Amino acid sequence: MSQPGKYLRIIIFGLLMLLLAACQTPTEAGLSPAGAAGGQEQSDQQGTLTDVGTPRHETLVVQTFDRKSANPDQMNPLMQYAHWRGFRELGWGFLWETDTGTGESYPELAADMPEVLNPEHTRFRIKLKEGIYWSDGVEFTTDDIIYTLDTYFNEREKLTNANVNRIVNYIKSYQAIDRYTFEVETVNPSYDLHTVMGVYTWGSAFIPVPKHIFEKQPDVSQFRNTYPVTLGPYVVKEFDPNGFWQLWERREDWERSAWGWMGEPKPKYVLYKDFGPEETRVLAFVQNQYDVDTFMSPDSIKAAQERNPYITTFSDKMPYHNMDDACSYGVLMNQHKPPLDKAEVRWALALSLDLKEVGINALSGEFKASPLPMVDTRILRPIYFEPLIPWLQEFTLPDGYKPFDPNFAADLVARLAESGVPAEELPQGEEAISEAFGIGWWKYDPAEAERLLNSVGITKNADGVYTLPDGSVWELELVIPGDWNKVMQRVGFSIADSWRKAGIQVNARQVDNAEFSKVQNTNALLTTILNWTNCIFTPNYLNSWHSISLENLKAADATEPIVGNQYRWNNATVDALIKESKAMDQSDPKFRENGRAILQEFVKDMAYINIMNIPTTIPTNEYYWTNFPKQDNYYAVPYTWWSSFKEIVVNIEPTGRR
Amino acid sequence: MKLAQYIAARLGVYVVVLFMGITITFFLPRLMPSDPIENYIAQLQNQAGQTLSEAEVMQLRATLAELYGLEGSLFTQYINHLKRIFLTFDFGPSFASFPRPVSEFIWVALPWTLGLLTTTTFIAWSLGNFIGLLAGFFHNNRLATALEVVGVLIYPIPYYILALVFILVLAYIFPVFPLSTTIRPGPLTWSKIQMIATNSALPALTLITAGFGWNILSMKSLAYATKEEPYVTFARLKGVPPRKIMISYVFRNALLPQVTALALSIGMIFNGALLTEILFSYPGLGLLMRTAVGSGDYNMLYGTITMSIMAVATAALVIDLLYPLFDPRIRYK
Chain G
20 MSQPGKYLRI IIFGLLMLLL AACQTPTEAG LSPAGAAGGQ EQSDQQGTLT DVGTPRHETL
80 VVQTFDRKSA NPDQMNPLMQ YAHWRGFREL GWGFLWETDT GTGESYPELA ADMPEVLNPE
140 HTRFRIKLKE GIYWSDGVEF TTDDIIYTLD TYFNEREKLT NANVNRIVNY IKSYQAIDRY
200 TFEVETVNPS YDLHTVMGVY TWGSAFIPVP KHIFEKQPDV SQFRNTYPVT LGPYVVKEFD
260 PNGFWQLWER REDWERSAWG WMGEPKPKYV LYKDFGPEET RVLAFVQNQY DVDTFMSPDS
320 IKAAQERNPY ITTFSDKMPY HNMDDACSYG VLMNQHKPPL DKAEVRWALA LSLDLKEVGI
380 NALSGEFKAS PLPMVDTRIL RPIYFEPLIP WLQEFTLPDG YKPFDPNFAA DLVARLAESG
440 VPAEELPQGE EAISEAFGIG WWKYDPAEAE RLLNSVGITK NADGVYTLPD GSVWELELVI
500 PGDWNKVMQR VGFSIADSWR KAGIQVNARQ VDNAEFSKVQ NTNALLTTIL NWTNCIFTPN
560 YLNSWHSISL ENLKAADATE PIVGNQYRWN NATVDALIKE SKAMDQSDPK FRENGRAILQ
620 EFVKDMAYIN IMNIPTTIPT NEYYWTNFPK QDNYYAVPYT WWSSFKEIVV NIEPTGRR
Chain H
237 MKLAQYIAAR LGVYVVVLFM GITITFFLPR LMPSDPIENY IAQLQNQAGQ TLSEAEVMQL
297 RATLAELYGL EGSLFTQYIN HLKRIFLTFD FGPSFASFPR PVSEFIWVAL PWTLGLLTTT
357 TFIAWSLGNF IGLLAGFFHN NRLATALEVV GVLIYPIPYY ILALVFILVL AYIFPVFPLS
417 TTIRPGPLTW SKIQMIATNS ALPALTLITA GFGWNILSMK SLAYATKEEP YVTFARLKGV
477 PPRKIMISYV FRNALLPQVT ALALSIGMIF NGALLTEILF SYPGLGLLMR TAVGSGDYNM
537 LYGTITMSIM AVATAALVID LLYPLFDPRI RYK
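Chains as they are written, first to last, in this note's numbering: chain G, 20 to 677; chain H, 237 to 569.
I should point out that these hints are in silico values taken from the structure, not numbers from a laboratory.
Quick caveat, the model's predicted, so the values are computed rather than measured.
Cβ coordinates follow ideal geometry from the N, Cα and C atoms, glycine included.
Keep in mind that a hint or two might mislead.
Estimated spans, in silico, between C-beta atoms of each pair [what the hints assert, rightly or not]:
no.: 1; chain 1: G; residue 1: Trp503; chain 2: H; residue 2: Val554; range: 34 to 44 Å
no.: 2; chain 1: H; residue 1: Gly308; chain 2: G; residue 2: Lys235; range: 34 to 44 Å
no.: 3; chain 1: H; residue 1: Met294; chain 2: G; residue 2: Glu672; range: 48 to 58 Å
no.: 4; chain 1: G; residue 1: Glu297; chain 2: H; residue 2: Thr550; range: 31 to 41 Å
no.: 5; chain 1: G; residue 1: Gly483; chain 2: H; residue 2: Thr550; range: 55 to 65 Å
no.: 6; chain 1: G; residue 1: Lys321; chain 2: H; residue 2: Val405; range: 21 to 31 Å
no.: 7; chain 1: G; residue 1: Asp169; chain 2: H; residue 2: Met294; range: 23 to 33 Å
Reference excerpt, derived from the structure (chain H facing chain G, CB under 8 Å, subset only) [as the list claims (entries may be wrong)]:
no.: 8; residue: Leu400
no.: 9; residue: Pro414
no.: 10; residue: Arg420
no.: 11; residue: Leu424
no.: 12; residue: Ile514
no.: 13; residue: Pro519
no.: 14; residue: Thr527
no.: 15; residue: Gly532
Every beta carbon over 10 Å from chain G, so not counted as near; a handful from chain H, in silico [unchecked claim]:
no.: 16; residue: Leu515
no.: 17; residue: Val529
no.: 18; residue: Gly530
Input sequences plus hints: build the corresponding full structure.
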């Protein structure tokens, strides 16, 4: 044997040995992770095991919403961060919850809705359900409520959960009446106690903590509460100190938990795990390693579906995904910076935007447009959208032009059909098309946009580019997310492209998420930004619009942060309507009428170019679990990070596959 | 005496590099167009239903500025920063995970990054140099040429693509490795070591494959050139056995530039950490840095970058101090 051959054979043999050692099966290693079946172990008795050792058929596996946890052992709800990965859905309990199917609040820890004790709407009595127990067997009573409120008030300077500020500014006083009853007095007349001390859409500002645990801590702000005592039907069983996963186990006494009355949560275990970047997530999803994804891109979903028939989207018809998220995508403008201070210019931007083209290019047409600055959902449509359709159709700009395009959705469907989308995947009939793609949007009319711009002295030069009245080129900066939000990034580039085609010199600037927040919140930095905002889920629009007040306006280049009114909108009518609505019962028809009037003002001023509902792409893999919320089985929104997850874990069914 | 001067000079450079690095890392994050307080408030505002009133937002800003230690002039903050690092090795609390100290996060993440990347860097270096030596010394042998071709083919492939190919082939088509890292907590037992090895195998294999190509090519050229040197020819004519010629005459002399390259590649360890950790969901400093940038967490950035600077500077110092062992010219200069 020649010398090099000998050496090389030794190297190759060594490498093979290394490979074999690395490929040792989990059983040989005495542990569950990795090995066969792409990270899952096969056991004769229990069937497939997850990579954390639980039987796969008893474990619901969910892609985490917040990816890797930065601070995995921090489980103290008085401090920031202990919300994602199941705390909000499976661990904590709330006085009132939101039914995501209807938008209505319902009592969870409370026995009923708050009882109003005075005509000023400032004093309330709340009765708790009896027979609810913490996971360590101690009964939940008003002692826990009063202790939590005491802690909020006494430790407010040290607690970093921002909702502590919300509560201490909202509540004036509180007292226990008996073991299951307490009263609170609010600083101002309040009609939203159930969504401040209870859940509004995503979370609650008030999270009761167990007195018997917390009162023993010398400093609650330093207490991490790792492996917390919970009110929900699950407890943390194990978590990754590096923050990639967290495993919850159903309590033996789940019936005595905060929402045990809803029925038995079906999975014995719920595993939240970050399966990595989308490239590896798709592969893991195809291998049935997890059941529910969060915000997977449409392209990846299609690729996964082609390889695994158990992967489904929210609907088998376009636009395939759920459109009931509370927030929408839209363009925020600094209305104090010329030329954006003129309504004609803002309208010109809206009319220069070919939204059909944007939606097809960026999202393959899988979107739902909304001309009003609000999401067009099944809850909000009958209250705010349908009554305003006639007004939108007749609405004219000062020059007499009617900008609304009621045929937007039908035209979009026609274009999608032309582009090869199968007819059976497209909605049929006017109503179905409207429900799928929205009630309409603004016309794409660059000619009218040019007329509007010309009317304020902005004209095209010889190169076909718009110039300002002083002759300089109008350069518009559009801030968009970088790779950290690929869907918005694509939408942002498509918007910029559309505006450029119309002759507007746009610089689409991608920024990291930290800079994105600063641009959004600091007055001087903003020109235009593609944003997700205007989050309204229930008919109570004040949670999003409460800050649109004249007092919150600042100069165009003011360097201080914005305190509300991110639209930088100066509208006295709206200011008055908001103030009036704050003193109203939200079920009052006048409250909703005010909401519609505010929407009309938004449109008249084009104060915010609302674009579309956020396409919430949550594909599910029904190999191990079935009966997830779908378009034709809509018992809750399909999100795993909202109240809806409680309904999901109660309603899903095992398929029996092991 | 000359050797002592050499060591003293290297130590002096080491201290200056550390001081400059720590100073730059203090100011750089503050030039970033982000703000940890605004970032936190924006997160809250984006969580529907938790919209704070104007007064509450103002109050929260003031509270966070005080808690985060962002009050006072930049100079005051800088002096406090230096005092904390040099006196107590304290980087302060993480803003994104307040009040947990940054150093805690670093001590958790550092072993993963150092363990994986140091091991793979040395394996890739040793393997590449060994194959390169054989390919250069026995340049007419077909097997040696074949391995050289492998090096030439692999070297230009971007790491990201190479990693995805490995994932696709070895975790999806032939699922012998896990797609993402899952390591359960618990004491460091033999089973846990095996678990770590199993979960680290694919990232390690990718890093080694991506790393050794250059070493093959570089060492092959050096070995080929060195074996034509007159002192090698003289040794051959004198009847010195080929193995001794290869190891003692060719390898030792070709090694010096490669040792320098190793020092440089150790400096690249922390760059490599980011992509590896993202793609393989592998815990470590790279992901900590990425998260810190995304959330404007100044202190976490100070901590992770300072640790990187210290690690790289220390590695370079160690290599510098080892040089006299490899090169007698330094020893006897």
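Against the structure, the hints come out as follows:
| no. | hint | in the structure |
| --- | --- | --- |
| 1 | G:Trp503 with H:Val554: 34 to 44 Å | holds (37 Å) |
| 2 | H:Gly308 with G:Lys235: 34 to 44 Å | holds (36 Å) |
| 3 | H:Met294 with G:Glu672: 48 to 58 Å | holds (49 Å) |
| 4 | G:Glu297 with H:Thr550: 31 to 41 Å | holds (37 Å) |
| 5 | G:Gly483 with H:Thr550: 55 to 65 Å | holds (59 Å) |
| 6 | G:Lys321 with H:Val405: 21 to 31 Å | holds (22 Å) |
| 7 | G:Asp169 with H:Met294: 23 to 33 Å | holds (24 Å) |
| 8 | Leu400 | holds (6 Å) |
| 9 | Pro414 | holds (4 Å) |
| 10 | Arg420 | holds (6 Å) |
| 11 | Leu424 | violated (13 Å) |
| 12 | Ile514 | holds (6 Å) |
| 13 | Pro519 | holds (3 Å) |
| 14 | Thr527 | holds (5 Å) |
| 15 | Gly532 | holds (4 Å) |
| 16 | Leu515 | violated (6 Å) |
| 17 | Val529 | violated (6 Å) |
| 18 | Gly530 | violated (5 Å) |
In this structure, the hints that do not hold are numbers 11, 16, 17 and 18, in rising order.
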